[in-house]
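With chain A held as given, fit chain B onto it using these hints.
One-letter residues, chain by chain:
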Amino acid sequence: MKHVITLNVNGDSYRIAVDPWRTLNEVLREDLNLTGTKLGCGSGDCGACTVLVNGKAVSSCLTLAVEVDGKEIMTVEGLAPSGEELHPIQEAFIEKGAVQCGFCTPGMEMAALYLLKQNPHPTEKDIREGLSGNLCRCTGYNKIVDAIRTAAEKIQKK
Amino acid sequence: MNISGFEYFSPRSVEEASQLLLEKGKGAFVMAGGTDLLIKIRRKLLKPAVIIGLKGIPGLDKISFNRKQGLTIGATALLSDVAHHPKILRHFPAIAYAAKSTANTQIRNMGTVAGNLCNAAPSADNAPTLLAMGAEVILAGTQGERRLPLDQFFIGPGQTAIEPGEILTAIFVPTPPPHSGVSYQWISARGKVDISAVGVGVMVTMKGKVCSSAKIALGAVAPTPMRARKAEKILSGKVLSSRMIEKAALEASREAKPISDVRASAEYRKQMVAVLTGRALSEARQRAAKG
Chain A
1 MKHVITLNVN GDSYRIAVDP WRTLNEVLRE DLNLTGTKLG CGSGDCGACT VLVNGKAVSS
61 CLTLAVEVDG KEIMTVEGLA PSGEELHPIQ EAFIEKGAVQ CGFCTPGMEM AALYLLKQNP
121 HPTEKDIREG LSGNLCRCTG YNKIVDAIRT AAEKIQKK
Chain B
159 MNISGFEYFS PRSVEEASQL LLEKGKGAFV MAGGTDLLIK IRRKLLKPAV IIGLKGIPGL
219 DKISFNRKQG LTIGATALLS DVAHHPKILR HFPAIAYAAK STANTQIRNM GTVAGNLCNA
279 APSADNAPTL LAMGAEVILA GTQGERRLPL DQFFIGPGQT AIEPGEILTA IFVPTPPPHS
339 GVSYQWISAR GKVDISAVGV GVMVTMKGKV CSSAKIALGA VAPTPMRARK AEKILSGKVL
399 SSRMIEKAAL EASREAKPIS DVRASAEYRK QMVAVLTGRA LSEARQRAAK G
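Which chain is which? The protein sequence lines are A and B, in order. Going by our numbering, the first residue of the first sequence is number 1, and it counts up by one from there. Going by our numbering, the first residue of the second sequence is number 159, and it counts up by one from there.
Hints are supplied without guarantee of correctness; some may be wrong.
Unchecked claim - Below, a list of computed lysine-lysine pairs in the DSS-like style, where the Cα atoms sit at most 30 Å apart:
no., chain 1, residue 1, chain 2, residue 2
1, A, 125, B, 448
2, B, 258, A, 125
3, B, 415, B, 396
4, A, 56, B, 202
5, B, 182, A, 2
6, B, 213, A, 117
7, B, 205, A, 71
8, A, 56, B, 258
9, A, 117, B, 258
10, A, 117, A, 71
11, A, 71, B, 220
12, A, 143, B, 258
13, A, 125, B, 245
14, A, 56, B, 198
15, B, 205, B, 184
16, A, 117, B, 245
17, B, 213, A, 56
Said to hold, decoys possible - Here are the computed distance ranges between Cβ atoms for each label pair:
no., chain 1, residue 1, chain 2, residue 2, range
18, A, 138, B, 447, 47 to 55 Å
19, B, 337, A, 102, 51 to 59 Å
20, A, 85, B, 314, 53 to 61 Å
21, B, 449, A, 6, 45 to 53 Å
These are calculated hints, taken from the structure and not from any lab test. Here the structure is a predicted model, which means the values were calculated and not measured. Ideal Cβ positions, reconstructed from N, Cα and C, are used throughout, including at glycine.
For reference, chain A alone in the conformation it holds in the complex:
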């Protein structure tokens, strides 16, 4: 039996009928065409599917869509809602060359957003710990850490 749920994604409200086994990741990508959120390992290890649910970073691949009925969801598309001005985290990723193949980037940026909300002045150790659930198979970690430190500074100046 399908469940009718309401998803609030990046400020837009969607009312959809979903099978109970469909994950938030599938619904975002396939039903809402929000393909910025990636699917990597499917087991909560790689972080490529990270989104915020009620402000908390979670793995969308291990979240059933029925369980986030009525909740606030933010995906990478919500970082720069106007589509013109970038979020400081995105700016910093570009400036520091923290994007290689780009597959891990949306998850990295959402994990960074969560980290900086919890801890606006992270040390390098805090950043590395905060991102330990996000894997970059290009292994571009130093530049990602660099970018997040820069993003923290940018957000402070705003």
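Same frame as chain A, now just chain B:
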């Protein structure tokens, strides 16, 4: 995606959940955070007909503490809630640390301590500390509630003493006696993304320089999280010197019955039991001196 074919229910009370669980029979599974269950479904280790989600039950995520009784962690309290709870950090730092040592940020925002216990992996990060502290689980069924010492909860890998229709609703941890200290130590091959290769939780209670009681629990070195009772006995009534700590650590290592797997060899695990037990006892001794 390769998970499909189950019905989903979100009951509003424990009674309703337990009723559903009985009614739906063998194919029904209870889900808290889902971070273990959904992976098992995806890997085709389980094929549930029904999933009963607990997160919609009001109040089941409650964490409460009072000094007289102790700490109660509700079944749907998140690992991240436990890791950052001010009272847990203050009065039960090893429990907070074990929760923070479980998986990664995203999983801690979804998964629960109760789920970590119910999944009953020998390596469950939250089990050793809770075992050492004499925790109990509260199991509710349609017939009412019962309390079970965590010591009797684990039966085998993935197997617990939960009866059909029962739901683990909370974990209770008694307030440790005065002059006691608790510590959790773990090791894994690559930081905390990986599952612990060995975990050790201990609690020591001191009377001056003498250890009046020691509890030592080991994770990932037997089919279930286990107590190292011979090592505990060695310390009981003895001055907790570095030499005694070393002796107990070696005894704990002898008691461990690890297997070799992709994460570590049995030999390495045995050695790490000694190292981590030593570290845990030393930290617990320090903490006891402050408390």
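For each hint, the structure was consulted:
no., hint, verdict
1, A:125 <-> B:448, "holds, 28 Å"
2, B:258 <-> A:125, "holds, 15 Å"
3, B:415 <-> B:396, "holds, 26 Å"
4, A:56 <-> B:202, "holds, 29 Å"
5, B:182 <-> A:2, "holds, 18 Å"
6, B:213 <-> A:117, "holds, 25 Å"
7, B:205 <-> A:71, "holds, 28 Å"
8, A:56 <-> B:258, "holds, 15 Å"
9, A:117 <-> B:258, "holds, 18 Å"
10, A:117 <-> A:71, "holds, 19 Å"
11, A:71 <-> B:220, "holds, 20 Å"
12, A:143 <-> B:258, "holds, 26 Å"
13, A:125 <-> B:245, "holds, 25 Å"
14, A:56 <-> B:198, "holds, 24 Å"
15, B:205 <-> B:184, "holds, 11 Å"
16, A:117 <-> B:245, "holds, 22 Å"
17, B:213 <-> A:56, "holds, 15 Å"
18, A:138 <-> B:447: 47 to 55 Å, "holds, 48 Å"
19, B:337 <-> A:102: 51 to 59 Å, "holds, 56 Å"
20, A:85 <-> B:314: 53 to 61 Å, "holds, 56 Å"
21, B:449 <-> A:6: 45 to 53 Å, "holds, 49 Å"
Figure legend: structure checked against the earlier numbered hints; every hint is met.
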